[in-house]
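Chains as they are written, first to last, in the working numbering: chain U, 138 to 417; chain X, 138 to 417.
Please keep in mind that the hints were generated in silico from the structure rather than gathered at the bench.
Take these hints with a grain of salt, some might be off.
Lysine-lysine pairs mimicking DSS-like chemistry, simulated, CA-CA at most 25 Å apart [stated by the list, open to error]:
#: 1; chain 1: X; residue 1: K376; chain 2: X; residue 2: K406
#: 2; chain 1: U; residue 1: K376; chain 2: U; residue 2: K342
#: 3; chain 1: X; residue 1: K406; chain 2: U; residue 2: K342
#: 4; chain 1: U; residue 1: K342; chain 2: X; residue 2: K401
#: 5; chain 1: U; residue 1: K376; chain 2: X; residue 2: K401
There are 2 protein chains.
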Amino acid sequence: MNIGIVGLGLIGGSMGLDFRACGHEVWGVSQRSSTCETALEIAAVDHASTDFATLALTDVIFICTPIGLIEPTVRRLIPHLRSETILTDVGSVKASLVSAIAPLWPNFVGGHPMSGTAESGIRAAIPHLFVGNPYVLTPIDRTPTAAMTIVANLVADLQGQLLYCQPEAHDRAVAWISHLPVMVSASLIAACLNEADTEVLTLAKALASSGWRDTSRVGGGNPELGQMMAEYNQTALLKTLYAYRQQLDAMINTVEGERWESLKTTLIKTQAERPQFLRD
Amino acid sequence: MNIGIVGLGLIGGSMGLDFRACGHEVWGVSQRSSTCETALEIAAVDHASTDFATLALTDVIFICTPIGLIEPTVRRLIPHLRSETILTDVGSVKASLVSAIAPLWPNFVGGHPMSGTAESGIRAAIPHLFVGNPYVLTPIDRTPTAAMTIVANLVADLQGQLLYCQPEAHDRAVAWISHLPVMVSASLIAACLNEADTEVLTLAKALASSGWRDTSRVGGGNPELGQMMAEYNQTALLKTLYAYRQQLDAMINTVEGERWESLKTTLIKTQAERPQFLRD
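Chain U with its partners taken away, still in its complex shape:
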């Protein structure tokens, strides 16, 4: 199959490596010619260009740009495409993107591979990045079945664990497990930095260990990504933030009221239920 990949970073580059290993021919497009050269050098693509016109004869195009560039990329791609070409994306928020893109290009299937590493960029691309990890497709009523099947087969080539859901259900789920944790974790760091007693703050910095490290990790991550999550998934994120604040208030009331058995009951529950969210 002739596959196009727009945006040659960690995700796009890793897809290229795996699709080529499966025998597909891969056309990559990046804004930067240096990225195109690197993609060719590491054999993530068969062809690379800064020109969308080179994708004219591809069967399926994966849009792997940052989330804010997905819709603009589709608009710029459209003049070059045959109507049979299937578009799919890898954006981490789906409802707003699907409702913006589906009217522009009916042959579109929203997607979200739940894969990544701490690295980014084409040099970070690795084979087998998607193996065993969830890969969500979010078709809507008018998504052509044929398009969905073809994208699903390509996800199978990547050995992703295929899941289907509505774009809105996807966004509410990722708000819980991905976007809310960023806000919770960043608030922890920010609150601590506001400690007015410098002796206490200095001591806190000296004493912080693995508990702090883990709880603060995603709050100390990429600021642009955090902003984009909030911007593109505002409705679902706010819903989880309100629910979280309510839970936090209950926790504060329990500690204020010295209801230690009740606190322990909550902690027994969170300890018992957490493993349901862990795959290994």
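Please arrange chain X on chain U, whose structure you already have, making use of the hints.
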């Protein structure tokens, strides 16, 4: 030196291994004779007993029981001790313990080694557990200098990174970096479990990955420990919880008001400042 260790778990057992390796003679006491046998078997102690009287001739005793048993242990120990014997503890909260124990036994130095693993119990004891990690001592005005010096030298034998501070400053610092994260993280799990839409909750469980795993880790930890932290450090913990709620509210207002540049500014700051809390 003749060293006593009461409570032969991960901390007490690991101390015994290192003190013996430094040439000290170690007397261990545990409530359970099976633990005494294991401690002897793994060579964490030279002598082991369930009887406090066996510690009568020791120079320094480390009380390594769970936090709720530290004061009761001191009261039971006292009838057996010579007045020169130095007592120190490893409890993770200091102000309430120091003010309870100092009047009972003047030759007392509060301590807190910031070391641990995911394991617990005597079988989890390992050599070099304390190497390079902060070990806080919290002397007060009337703590004898000689006692403090002797405990400090033993911390040096463990190769811990010695820090001194007031018990209250210690408790406020660990509230920020250890106890607040548990409440923040447990609230995240509890809030998520309250999601009423079962499709969304099932999907959240299926999609959760490393971000969720890290942010929820300490909230899914030992419930008794979480309860004890809150109970023994209530005042300092509540102070951090109020500050955290205020920061969370500011974050919610920013997302509600779509002030994306302001959100990004906060996330740039948390990303930039977080490494000050990480030692490696």
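Hints, verified against the model:
About 22 Å separates the Cα atoms of X/K376 and X/K406, which keeps this hinted pair within 25 Å; it holds. For a cut-off of 25 Å, the pair hint linking U/K376 to U/K342 is broken: about 33 Å separates their Cα positions. Note on X/K406 and U/K342: the hinted pairing holds, with a Cα-Cα distance of about 16 Å set against a maximum of 25 Å. At most 25 Å may separate the alpha-carbon atoms for a hinted pair to count; U/K342 and X/K401 meet this at roughly 23 Å.
With a C-alpha separation of about 20 Å, the suggested pairing of U/K376 with X/K401 holds against the 25 Å cut-off.
Consistency note: the structure conflicts with earlier hint 2 alone.
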